[in-house]
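Numbered by the numbering used here, the letters in the sequence shown go through residues 1 to 177 in order.
Calculated from the structure, these hints are not laboratory results. Incorrect hints may have been included.
[To be verified] Label-pair restraints from in silico Cβ distances:
1. 76 / 17: 36 to 42 Å
2. 109 / 175: 34 to 40 Å
3. 90 / 41: 49 to 55 Å
4. 17 / 44: 21 to 27 Å
5. 21 / 175: 26 to 32 Å
6. 141 / 93: 38 to 44 Å
7. 3 / 175: 24 to 30 Å
8. 36 / 175: 29 to 35 Å
[To be verified] In silico EDC-like cross-links for lysine to aspartate or glutamate, where the CA-CA straight-line distance does not exceed 16 Å:
9. 17 / 3
10. 154 / 111
11. 86 / 63
12. 66 / 55
13. 45 / 9
14. 110 / 149
15. 45 / 21
16. 17 / 63
17. 86 / 58
18. 146 / 113
19. 121 / 106
20. 146 / 116
21. 146 / 111
22. 121 / 111
23. 110 / 157
24. 143 / 157
25. 86 / 65
26. 121 / 63
27. 154 / 106
28. 146 / 157
29. 121 / 163
30. 45 / 8
Every residue, glycine too, gets a C-beta built ideally from N, C-alpha and C.
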Amino acid sequence: MVDGRVVDEPVGVIGTKREVDYLNVIARRPLRSNIESCFSNTDVKIAEIRLAAYELADKVLTDQEKRAGCALVNLGAGTTTVVVYKNNVIRHLVTLPIGSSNITQDLMSKDIDENEANSLKLQYGNACVETSDEDAVNELMTKTYKTTDGRTVKLSEIQTIVEARLTEIIANVKNQS
1 MVDGRVVDEP VGVIGTKREV DYLNVIARRP LRSNIESCFS NTDVKIAEIR LAAYELADKV
61 LTDQEKRAGC ALVNLGAGTT TVVVYKNNVI RHLVTLPIGS SNITQDLMSK DIDENEANSL
121 KLQYGNACVE TSDEDAVNEL MTKTYKTTDG RTVKLSEIQT IVEARLTEII ANVKNQS
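Make the full structure from the sequences, and use the hints.
Below, the structure is given as structure tokens:
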């Protein structure tokens with residue numbers, strides 16, 4: 001729209017206010033190819049195709065960090081993405097098929113339903129329990145969580161499950177260097 005009027009061909013139209021609707025589609029390569037094929041059969045043009053990992057890195061990392069060399073690790077629900085920059089150029093990009101939903105699945109192995117397992121992960125999960133406070137360690141070893149069906153699970157077991165899976169994810173990330 002230009003100045004509140006619908007304009008099919010806005011190139012060259014003069015106005016003070018422009019309004020445009022965009023459709024952003026996030027998809028894996030096979031699906032993206034199908035989408036491109038569908039759009040090629042219409043009059044709708046695809047303005048640009050960009051990687052989500054690139055966009056995230058562009059918003060999170062400074063130019064100095066990208067120039068100096070750094071890695072951005074995005075731990076998602078189903079995947080973990082690693083983007084490595086050096087001299088302002090992406091040198092390596094990989095999506096690992098493991099993420100935080102794997103932690104939820106691991107907690108579900110304790111016969112905990114998915115919603116409760118996810119809540120447990122968020123409330124009590126810790127990548128690495130490091131403390132010199134002996135009382136805190138003792139509390140973690142003895143404290144329990146009561147599930148919705150009345151069973152108890154030691155918080156130390158929850159921590160062990162979370163830490164084990166995150167250790168695996170970190171090892172996979174390190175293996176990318």
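Okay, the hints, checked on the actual structure:
Restraint check, residue 76 to residue 17: a C-beta distance of roughly 37 Å satisfies the suggested window 36 to 42 Å. Checking the proposed 34 to 40 Å range against residue 109 and residue 175 shows it is violated: the Cβ atoms sit about 25 Å from each other. Between residue 90 and residue 41 the Cβ separation comes to about 32 Å, which falls outside the hinted range of 49 to 55 Å. Between residue 17 and residue 44 the C-beta distance comes to about 23 Å, which sits within the given range of 21 to 27 Å.
The hinted window of 26 to 32 Å between residue 21 and residue 175 is violated, with their beta carbons roughly 42 Å apart. Take residue 141 and residue 93: their Cβ atoms lie about 41 Å apart, and the range 38 to 44 Å holds. Between residue 3 and residue 175 the Cβ separation comes to about 56 Å, which falls outside the hinted range of 24 to 30 Å. Roughly 32 Å separates the CB atoms of residue 36 and residue 175, a value that falls within the hinted 29 to 35 Å.
Restraint check: the Cα-Cα separation between residue 17 and residue 3 comes to about 5 Å, which is no more than 16 Å; the hinted pair holds. With a C-alpha separation of about 14 Å, the suggested pair residue 154 and residue 111 falls inside the 16 Å cut-off, and the hint holds. For a cut-off of 16 Å, the pair hint linking residue 86 to residue 63 stands: about 10 Å separates their Cα positions. With a CA separation close to 13 Å, the supplied pair residue 66 and residue 55 stays within the 16 Å bound.
Restraint check for residue 45 and residue 9: the C-alpha separation of about 13 Å stays at or below 16 Å, so the hint holds. This hinted pair checks out: residue 110 and residue 149 have alpha carbons roughly 12 Å apart, not beyond 16 Å. Simply put, residue 45 and residue 21 have alpha-carbon atoms about 13 Å apart, close enough for the 16 Å limit, and the pair holds. A distance of roughly 32 Å separates the Cα atoms of residue 17 and residue 63; the hinted pair therefore is violated under the 16 Å criterion.
For the hint linking residue 86 to residue 58, the alpha-carbon distance of about 13 Å falls within 16 Å, and the restraint holds. The hinted pair formed by residue 146 and residue 113 meets the criterion: a straight-line CA distance of about 13 Å does not exceed 16 Å. In summary, the hint linking residue 121 to residue 106 is supported, as the alpha carbons are separated by about 10 Å, within the 16 Å threshold. Taken as a hint, the residue 146 and residue 116 pair is honoured in the structure, with Cα atoms around 11 Å apart against an allowance of 16 Å.
Between residue 146 and residue 111 the CA atoms are separated by roughly 12 Å; this keeps the pair inside 16 Å, and the hint holds. Of the pairs offered as hints, the one joining residue 121 and residue 111 holds, with about 14 Å between alpha carbons and a cut-off of 16 Å not exceeded. For the hint pairing residue 110 with residue 157, the CA-to-CA distance comes to about 10 Å; that is within 16 Å, so the pair holds. A threshold of 16 Å between alpha carbons decides the hint, and for residue 143 with residue 157 the separation of about 10 Å falls inside it, so the pair holds.
Pair hint residue 86 plus residue 65 holds up; C-alpha atoms about 8 Å apart against a cutoff of 16 Å. About 34 Å separates the Cα atoms of residue 121 and residue 63, which puts this hinted pair outside 16 Å; it is violated. The straight-line distance between the Cα atoms of residue 154 and residue 106 is roughly 15 Å, inside the 16 Å bound, and the hint therefore holds. Taking the CA atoms of residue 146 and residue 157, the gap is near 13 Å; set against the 16 Å cutoff, the hint holds.
For the proposed pair residue 121 and residue 163, the alpha carbon gap of about 11 Å is at most 16 Å, so the pair holds. For the suggested pair residue 45 and residue 8, the alpha carbons sit about 13 Å apart, so the restraint of at most 16 Å is met.
In summary, the structure is inconsistent with hints 2, 3, 5, 7, 16 and 26 from the numbered list given earlier, while agreeing with the others.
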